[in-house]
Amino acid sequence: MDLALLISIVAVAIQAGVSLVYATVGEIFTERSGVLNLGVEGMMIMGAVTAFAAAYHSGSAWLGVLTAVAVGAALALIHAFLTITLRADQVVSGLALTIFGSGLASFLGQRLGPGGKPLVGLVGPRFMPVELPVLSEIPVVGKALFAQNVLVYIMYVLVPVAAYWIYKTRPGLHLRAVGENPATADALGIGVFRTRYAYTVFGGMLVGLGGAALSLAYTPGWTENITGGRGWIAIALVIFALWDPWRALLGALLFGGVNAIQFRLQAAGTTIPAPFLNMLPYLFTILVLTIVTVYESVSKRVGAPAALGLPYVRGERTG
Amino acid sequence: MPLQIEPRLAPSRLANVLAPLVAIVLALLFSGILLVAVGVDPLETYRAMLRGAFGSAYAISETLVRATPLMFTGLAVSIAFRMLFWNIGAEGQLAMGAFAASGVALFLSQSVPWLKGPALLLAMALAAFAAGAVWGLIPGSLKAFLGVNEIITSLMLNYVAILWIQYLYYGPWKDPQGFGFPGTARFPDDAVLPRLKDTAWLPQLFDTGRVHWGLFLAIVAAVLLWLVLDRTRWGYEIKVIGENPRAARYAGMNIVRNILLVMIVSGGLAGLAGFSQVAGISYRLQQGIVVGDGYTAIIVAWLARLNPFGVLLVATLLAALFVGGDQIQITMGLPAAVAQVLQGAILFFVLASSFFTQYRIRWTGRRAAVVGEQ
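Keeping their order, the protein sequence lines are chains G and E.
Counted from 1, the first sequence has number 121 at position 121 by the numbering used here; the numbering is strictly sequential.
Counted from 1, the second sequence has number 235 at position 235 by the numbering used here; the numbering is strictly sequential.
Mixed in with the good hints there might be a few duds.
[Said to hold, decoys possible] If you only want the chain G side, here are some residues facing chain E, beta carbon under 10 Å, derived: (1) Leu38; (2) Leu86; (3) Ala88; (4) Leu95; (5) Trp232.
[Said to hold, decoys possible] What the simulated footprint calls covered on chain E by chain G, stretch by stretch (three residues with Cβ under 8 Å from a Cβ of chain G suffice, anywhere in the stretch; the number is not a length): (6) 163-169; (7) 349-355.
Calculated from the structure, these hints are not laboratory results.
All C-beta atoms in this analysis are idealised placements derived from N, C-alpha and C, irrespective of residue type, glycine included.
With these hints in hand, go ahead and build the complete structure from the sequences.
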């Protein structure tokens with residue numbers, strides 16, 4: 001394969017992968033605290049629709065980002081209240097969030113345009129690629145990595161910071177303690193409920209941002225079903241990443257790469273029908289998930305936080 | 001706080017009845033606030049929805065038509081959920097069922113001469129059941145043998161199945177005489193599930209519209225499922241595995257086998273939903289057959305507390321929301337997605353309300369507050 005093609009695939013892989021990185025890292029924070037939130041797809045699509053609507057009406061893409069983050073937080077708060085305070089089943093609550101979010105996004109998409117008209121087909125503000133001086137002139141990789149939009153650059157900062165936070169800081173230690181053994185964490189004076197609330201909401205913010213990355217940068221504008229299952233792929237990526245932000249970045253870019261190759265093939269006029277190419281990311285998810293699961297069981301390595309999915313009740317044995 | 005949360009030792013009958021009702025009222029209020037926020041009159045909306053779903057014989061018949069696939073998928077999901085196997089793939093299993101039934105109706109019926117009359121319908125149903133079962137067995141086996149998370153795999157397969165049938169009706173199976181319409185040719189007459197009003201020996205009490213025999217099939221499936229779950233050893237095993245997998249293993253229950261069997265039944269029932277839609281409604285494989293019934297099934301199953309008869313009832317109520325939603329789209333120009341928003345909200349409030357059926361909050365006074373403070 002020639003170098004130019006490879007670089008263009010890397011560049012597209014990054015663009016396609018950004019929303020997945022945000023959503024995956026967000027869900028990693030949430031799950032690290034012991035809360036499984038299957039509402040990622042719902043929060044993400046709500047992030048996408050509200051980001052675009054806010055950006056369209058205000059003329060500012062940044063206001064769109066802020067709106068998506070706030071909406072992601074609000075939706076995650078519903079899940080937090082149901083599962084942490086009311087001890088509802090985390091699987092069902094997350095599924096409810098996805099159903100609710102998808103429905104509301106579809107509803108809003110048909111109402112939030114000018115004068116209560118649909119948003120579909122409107123052109124609004126978006127994040128354009130910005131070439132970073134010096135960095136974008138690095139030979140070979142410069143253009144692929146540093147001629148991207150600003151949400152990509154924020155992602156470059158987010159991943160190392162997230163990893164540092166989880167592994168090297170005191171709050172990160174508390175986060176892991178709450179997810180692994182809430183009773184012990186509680187005994188040590190770490191607020192289990194507070195921690196879980198905080199990271200569930202923070203995770204929702206990042207997921208909302210992932211949605212904004214779709215409607216403001218990757219596929220600018222609003223279309224029904226804009227997420228196309230990316231929220232679910234993010235949940236699979238969390239497992240693939242063994243709850244580690246760096247591996248999440250790798251996994252998301254790998255998926256972006258699958259997308260990029262799919263587009264390349266389509267552009268090159270392949271004889272493979274488009275629907276089969278479009279199946280690739282989903283089949284790839286199943287394949288990768290299977291490999292990681294087998295690897296985990298063979299290597300006896302467990303990535304999941306021990307208390308994931310279990311409500312914490314003080315003075316009651318769980319697990 | 002001088003409030004203490006304690007588990008209810010005996011279930012409260014009052015709380016059990018009251019909780020879901022309060023939940024639905026609160027969900028209507030909550031969604032009403034959202035509607036007001038986007039400048040829509042919620043009362044008028046709800047009234048129009050109610051009229052659209054139950055206001056006339058025609059409305060009721062449309063609600064039953066809409067409920068039929070939800071009954072199948074709701075039953076499909078509820079048997080898997082009983083075992084805490086999270087089959088989120090009913091959507092794809094339905095699509096594969098519709099694909100298989102259509103294949104038999106359009107192609108196999110031409111090459112096999114004896115496939116006529118009821119035999120053809122039976123073959124279509126069996127093919128749909130088998131195709132759904134195979135599609136369900138993929139996440140089933142991955143979970144049973146390798147421990148792969150079934151939520152993700154079953155969900156990913158939905159997208160694959162939908163793309164597959166789209167490929168067929170946009171591509172090789174497209175009706176050459178269809179004027180470019182994305183869909184296959186119409187099924188032969190023998191491959192059509194009769195409508196109730198065309199069934200001579202049934203008393204015609206009122207106009208049953210498009211209601212077809214798929215509805216009876218769904219009711220029969222519910223009765224059979226109830227018998228299996230409530231009256232057989234296998235049903236008991238499913239329940240034990242769902243409630244306490246460790247105890248089930250100690251008791252010598254074969255969990256791998258049970259997962260596979262449950263997913264055959266679950267996927268098969270969802271496949272029948274696909275059969276019922278193509279053979280009873282569209283008479284061809286086309287756009288608009290896979291419309292989220294596999295996801296709504298999750299709400300149906302959960303609200304019905306995984307009880308087969310409950311599924312029939314809840315499926316009808318949620319179908320009413322959908323039909324009402326379509327109605328407000330026509331009469332008020334509001335997006336039909338209001339129905340989905342309401343369903344999500346109802347599920348939230350039912351989840352919240354189940355807290356009050358399992359726990360009670362007691363005022364413990366000031367003295368206890370000091371001890372119980374967090």
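The hints, checked one at a time:
Taken as an interface hint, leucine 38/G checks out: its beta carbon lies about 7 Å from the nearest beta carbon of chain E, inside 10 Å. For leucine 86/G, the interface hint holds, the least distance from its beta-carbon to any beta-carbon of chain E being 4 Å, beneath 10 Å. Look at alanine 88/G: its Cβ gets to within about 4 Å of chain E, closer than 10 Å, so that hint holds up. Because the smallest distance between the Cβ of leucine 95/G and any Cβ of chain E comes to about 5 Å, under 10 Å, the interface hint for this residue holds.
This hint holds: tryptophan 232/G has a C-beta 5 Å from the nearest C-beta of chain E, less than the 10 Å allowed. Coverage of the stretch 163-169 of chain E by chain G holds in this model, with 4 residues showing a Cβ closer than 8 Å to a Cβ of that chain against a need of three. Residue count for the stretch 349-355 of chain E with a Cβ under 8 Å from a Cβ of chain G: 4. That meets the three needed, and the coverage hint holds.
Checked against the numbered hints listed earlier, the structure breaks none of them; every hint is satisfied.
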